[in-house]
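*Asks:* Residue-level listing of the chains:
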Amino acid sequence: MRRVAIIGYAVSRLEWDAEKTREEAVFEVAKGAMRNAGVEREDIDTVISASTDFLDGRTISSCMLIGASGAYLKDESKAEEDGMYAALYAAQRIMSGVHDVALAVSHTHSWIFNPHQVTQYMLEPWFDRQNDLLNEITLAALQARLYMSRSGADETHLAQVCVKNLRNAVKNPNAFRKMPDVTVEEVLESKLYSSPLTELMISPPCDGAAAVVLASEDVAEEFCDEPVWIRGIGNACDRYLRDRDLGRLNSLRIAAERAYRTAGIEDPFRQIDVAEVSERFAHQELMAYEALCFCREGMGKVLIEEGMTEVYGDMPVNPSGGALAGDAVCATGMIRLIEAVKQIRGEAENQVEECRTALAHAQWGLCAQKNLVFILGDRR
Amino acid sequence: MGLIKEKFDRTMEVEGEWSVGAYRWKAPKGYLDEYVRNFKDRKITGTLCSSCGRVYVPPREICARCFTETAEKVEVSQYGEVLAFLVSPPLEKGKVVIAGIDAVQAGFLKEGEQIILAIVRFEGTASSLVLPLVNIEPEKVRVGMKVKAVWAEECRGRLADLIGVEPAFEVKYE
Amino acid sequence: MRRVAIIGCGQSKHGRRTDVNQAELVAEAVWAAIEDANIGVEDIEAYAVGNMQGFGGICQPDLVFADYIAAGGKPMQRVATGGTVGGSTAHLGYYEVASGMYDVVLAVSWEKHSDSAEPGATTGLLHVAFANLSYMMKIGMDMRSFAIMGLAGAAAGISAYQAAFYMARSGCRIEHFDMVAAKARRNAAKNRYAHLKWPGCTAEDIAKTEMLIWPLRFGHVCPASDGASCVIYASEDAVRRLGIKEVAWVKGVAAYADEEADQGESYQGTAVVDYSDQTGAILSARKAYRRAGIKDPRKEIDVAEIYAPFPHQELMFSERLGFFDDGTAWKALEEGVTEIDGDFPICPSGGVNATNAIGSSGMQRVVEAALQIMGKAEDHQVPKDVKNAVAHAWGGQVQFNTVMVLGDRPKGW
Amino acid sequence: MGVDRYSGLPFVARFRWSVGKIMEKFYRSFAEKKIIAAKCEKCGYTVVPPRQICPQCYSRMGEENFVELSGRGVVESLTEVAFRLDGKGGYIWLEKPELLAAVKLEGANSTIFVRVEGDARIGSEVEPVWAEKTEGKPSDLISFRVVK
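Protein chains in written order, with full-length UniProt numbering: chain A, 1 to 380; chain B, 1 to 174; chain C, 1 to 413; chain D, 1 to 148.
Keep in mind that a hint or two might mislead.
As the list claims (entries may be wrong) - Far from chain B by the CB rule (all over 10 Å, computed), these chain D residues:
| id | residue |
| --- | --- |
| 1 | Gly20 |
| 2 | Lys21 |
| 3 | Glu64 |
| 4 | Lys88 |
| 5 | Gly89 |
Claimed, not checked - Derived Cβ-Cβ restraints for the label pairs, each shown as a range:
| id | chain 1 | residue 1 | chain 2 | residue 2 | range |
| --- | --- | --- | --- | --- | --- |
| 6 | A | Gly264 | D | Lys42 | 36 to 42 Å |
| 7 | B | Glu123 | C | Thr279 | 46 to 52 Å |
| 8 | A | Val184 | D | Glu63 | 49 to 55 Å |
These are calculated hints, taken from the structure and not from any lab test. The C-beta atom is built at its ideal place from N, Cα and C for all residues, glycine as well.
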C-alpha cells in the first residue's frame, strides 16, 4: 500500500465567540498548514473539508468556504463528521495513486448553535427522540454509570482524568479550559448535569479550526525533511444505541486492532509512546484505555490511579489536555492528530521524551458510536 | 395518458422541529455593512483583489482564485449590462407566498404586475447581481442592453435603497 | 493503480414514500444491491454513506440505522456536498477500495423529503442561504425584495437564473426545454424506479403547464422524491475471488469545485459572472477522461446519465462534458441524437427531471450508468453496445460537479 | 477587523417522520397497553421496538415475528438528569432532577431509554406507566416505575 505522511499542520486557538467569521477561521488554518508544510496552493491536488450542516446552521456547509479552504478548482469533497475522517479520506485519495498532495481542513464554531442541542437530532426520531430527556450528555451519563458498575471505577477516577487533562492543558496555548491547580473535589463539585457527569467532566463546546497537509511517499521528502508517517489506520462503527453494549467501546477496539495490525504493533502499552484520545466525557478516556489494549478490561481505573497516563508516566495520554480542555466538535479529532504529529516532531508544548510512535483517536456519534485510530511514526 | 405517480400507503407520523431561527452567525465587519452604508450616498462599492485585479460586488473578503484577502475598497460604475433575465407572469394572489405571507395580498407585490429579474454586471466588476429591471416592457428586454442603477427617493443606507436597474441608453447599430 | 469495479446496484422505488421510515427506505436499496451482486453481507468490508441531513431532519442518520444496513462493527465514512452528495458518496466508495484499505465497499446515498412538513425540498434548499437571508434582513432588505427573491422559488432559484444564462449563451428556445422535459418523462415511463412517469409525453404537453417565471414552466421542475440508491464496489482480485461475471469498471473519477455562484458567505460577492460557465464540470470531465484514457468523448462514450433537475442542465452539461460544442446541444436534441435509440442517448432512465431524491440522485446516475454497461437496465436499456458510460452530478450553488467514467473493461485491459 | 453578529429570522423547520408499517403496529398496540417486540427466527435476537431487519444476523422480519413482552424490565443503568434542552440552544435547569434509566425489557435484547419513577437503583425491576386513556400513540407510554 502506498505510504502517506503528514507534512504540515495548523490549529487555531480554541475560544468562545471568536472575533472571526467561519470563513476567516478556515482561511487562517488552511493557509497556516500550507505554510507549515512548505507547499503552495498549486501543489495541492485535493482538498477534503469537515463540517456539518446542523452545527454550522447551513445546508451544504462547505459551499461558501471553497475559496477560504483553498479548494477553488481543486478535486474537493466534504466529510460530514470529525476532521480526522477528512484526514482519512485525504489519505485514501493519496493511497489510490490518483493524488499526491492533499489538504484536510475542519472547523466548528459552537457559538453558532449549542452542539449538545444538535445531538438530540441524532436520536432515532420514531422512538428515542420522543423522550426529551435524551441527549448526548444524559446518554453518556448512562454509559458512565454502566461502565462504573462493571469496572468498579468511581466518580473519583473520572475526576482524576479531568485533573490530569486540565492541568496538561495549561501548557497548551490553544486550549480553551485551563485549570492549573484544579482538584478532584473541585471537579466533583462542579455543576451537576446528569449524574455522575459534572460540568468539568464534559468537554466544553467552543470555536476552533484545524488543518493538515498530507503527501505521498514519492513527494513527502521534497517538501518536508521530517515527515510524520501514517503507519496504520483503523476505523469502525458500532450499532445504534439500543442494540449495542453501551458499557464498552467495541468499535474502538476493532479500529485499534486494525490500526495495530497494519502498523505492526503487538504490545501497544510498550510500543506506543503517546496517545491523543478524543475523550468527549471523562469516563470515555478510561474506556479507551481498555479498548486500545493499554490495559485489561476494567483496569482503566488503575492506570489513572497510578498516574501511568500522566505525561511522565509509562503510557502518556492527552498531554495536550484532550477534548476536556476544549471541544470544537469537527476539529477535535483532527486536533488530536496534530498533537500526535507535534509529539513525533518534538514540537509539543507538553513533550514526551523519545516519542517515535504516537496514536491519535477520534470519536463520533452518541456515546462514541464511531471510532477512528491513526498510528503515526517517525519512520516509514 | 398523462402523468402517472405511484401512490404509496401513508403510515403514522411522529412530529419534531428544528429551530433554524435560533442559530446565529457572523459577517466580516467592513464589507456588507459598509456596502449598504455607501448606499446612503447612492454609491456602489466593491473590493479589489490586487493580485488578479478582480472587483467583487458586493465586496468579498477572500479572493478564491488568488487565495488571498482582497486589498482595497473601490467604488464601481453604476452602469452595467444585462447578461440574462427572467420575466414573471402577471402576479396573482396566492402565487407568491413567503414565510407564510401572501406577498400580493400583503401589498409587497402589486396584482397583475410583471417582475423582470435581470442579471447585471456593472462595468469594471467581476461579479453579476440579480436585480429587478424597471421602467421597461418585458418584450423590449434584450441580453446585452445597457442599464443603470435606480435608487429609492430617500436612501438611508439600507439594502433596499438600490431598487434595481433601468435601461441606460439605446445604441443603434445600423 | 488498483482496478475497481461496480459489482452490484440497488435502488428503492422513488416517490412519496410515506409507507416506510428513512431506515427502511435505505435498507430497500442496500439489500437490493447485495442481492444484485449476489454476495454475502459478510463480504462487505466498509461503507460509504451520504445524504443532505437537513432535508430529513435526522443528524448523522447513518448512525441511527447502521445495523439496518449491516454496518455494525464495520468502518463507515460519510460525505455530504449538496446535490452532488450521491456522486461524492460514489467517489468516496471508489477511493476506499482504490486506496487498498478494503476490497469490497458498499456506497449508499438517499433522501426522504416527505418527512419534512414544508412542501418538497423547501426547508433544505432555503436553509442553504438562510444565514445570508437573515443578514440581508439585518442590513435593510425590504419585504418586496424578499418576495421578489422568492419568485424564482426556493426550489428552482439559482437554476432558473442559470437557465436564463444558458438561453442567452446558446440561443436555444423554451421549446427545447419542453422537449428535454418530455424526453425525461417519456423515458421515466420505462423505469420502474422512477417517480414521474408520462408515457408518450410530448413537448406540447409540457408547454401547456403553468409558466412559473419565464423561461421556467411547472412542467420543467423536478419532483421532490424520497429514495435511495446503492452500488457495491470490489477490487479486481475481489471480483475474481467472488466469481462475479457482470461488472462495470470505474475508469476515471474527478470532482472539481468552483466558487459558489450568486451569493457568498453572508451575502458577500462572488466572481462567478455566468452561472452556465461551469468550469468545474469542464475540468472534472477532462481529468476523468484523461484517467480513463478517453480522447474523444463524443465517439468513445456510448451513454451519459447527466444530473439535470431542470431541462437546460441536460443541454448545458452535455456541452461542458465534451459531447457537443458550446451552444449546440439543442441542435442534437432536435435531431433526436439524445433519444434512447439515438446516436448519443442521454438520461435513458428519465434522469433527475423525473426523479429527484436529492441525496440519491447523484448515486442513481452512477447506478444507471453501471446498469447500462452491464446490460441490466431492463426496459430503458439503450439498444446499442455500451462500452463506456458517464455519470455526472452537480450540486452546491451550481459549483460542484462529480464525473465518473464507467466501462465494460478497465483502462488498458 | 471584527465581526458583525446576527441571528436567524424567526423560522422553525417542522418534521413529520413516517414511522413505517411495523412501528405503526408497535404504537397501535399501546392502545391495549401492550409492548410488542420482534423475535428473529434465525438467531433469536429480540429487538424492541420491532423492526424489519434483525440487528444481529440481518434476516428479514415482519409481523409474523412479533412477540408481546410482559412490559417488565430491569434497570441496567440510571442517571439523575438536572437539565432539559429548550430546543434553541439553552438549558432549562430542573428544580428536582428527573430519573432516566437504560432498561432491558424482559424477553428482549435491546435496551430502551426511559423516564423512571420511584426509588430506582441499578437492578431494580420496573413496569410501564400508561396514560389512563391509551389511543395507540407514542404518548400513551408515559414512563416506568419501580415495581413494589
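*Asks:* Was Lys21 (chain D) rightly flagged as not at the interface, with every chain B Cβ beyond 10 Å?
*Replies:* Given that some Cβ of chain B is not farther than 10 Å from that of Lys21 (chain D), nearest at about 6 Å, it is violated.
*Asks:* Taking the closest pair, is the beta carbon of Gly20 (chain D) still more than 10 Å from chain B?
*Replies:* Since the minimum Cβ distance to chain B is about 6 Å, Gly20 (chain D) lies within 10 Å and the statement is violated.
*Asks:* Are Gly264 (chain A) and Lys42 (chain D) spaced within 36 to 42 Å by their CB atoms?
*Replies:* Holds - the Cβ-Cβ distance for Gly264 (chain A) and Lys42 (chain D), about 38 Å, lies within 36 to 42 Å.
*Asks:* The hint says 46 to 52 Å between Glu123 (chain B) and Thr279 (chain C); measuring C-beta to C-beta, is that right?
*Replies:* 23 Å, violated
*Asks:* Test the statement that Lys88 (chain D) is away from the interface with chain B: the closest C-beta pair must be farther apart than 10 Å.
*Replies:* 4 Å, violated
*Asks:* With 49 to 55 Å as the target window, see if Val184 (chain A) and Glu63 (chain D) comply at their CB atoms.
*Replies:* 54 Å, holds
*Asks:* According to the definition I'm using, a residue is off the interface if its beta carbon is farther than 10 Å from all beta carbons of the partner; does Glu64 (chain D) meet that for chain B?
*Replies:* 19 Å, holds
*Asks:* Please check whether the beta-carbon of Gly89 (chain D) is more than 10 Å away from every beta-carbon in chain B.
*Replies:* About 6 Å separates Gly89 (chain D) from the closest Cβ of chain B, which leaves it inside 10 Å; violated.
The structure fails to meet hints 1, 2, 4, 5 and 7 from the earlier list, while all remaining hints are met.
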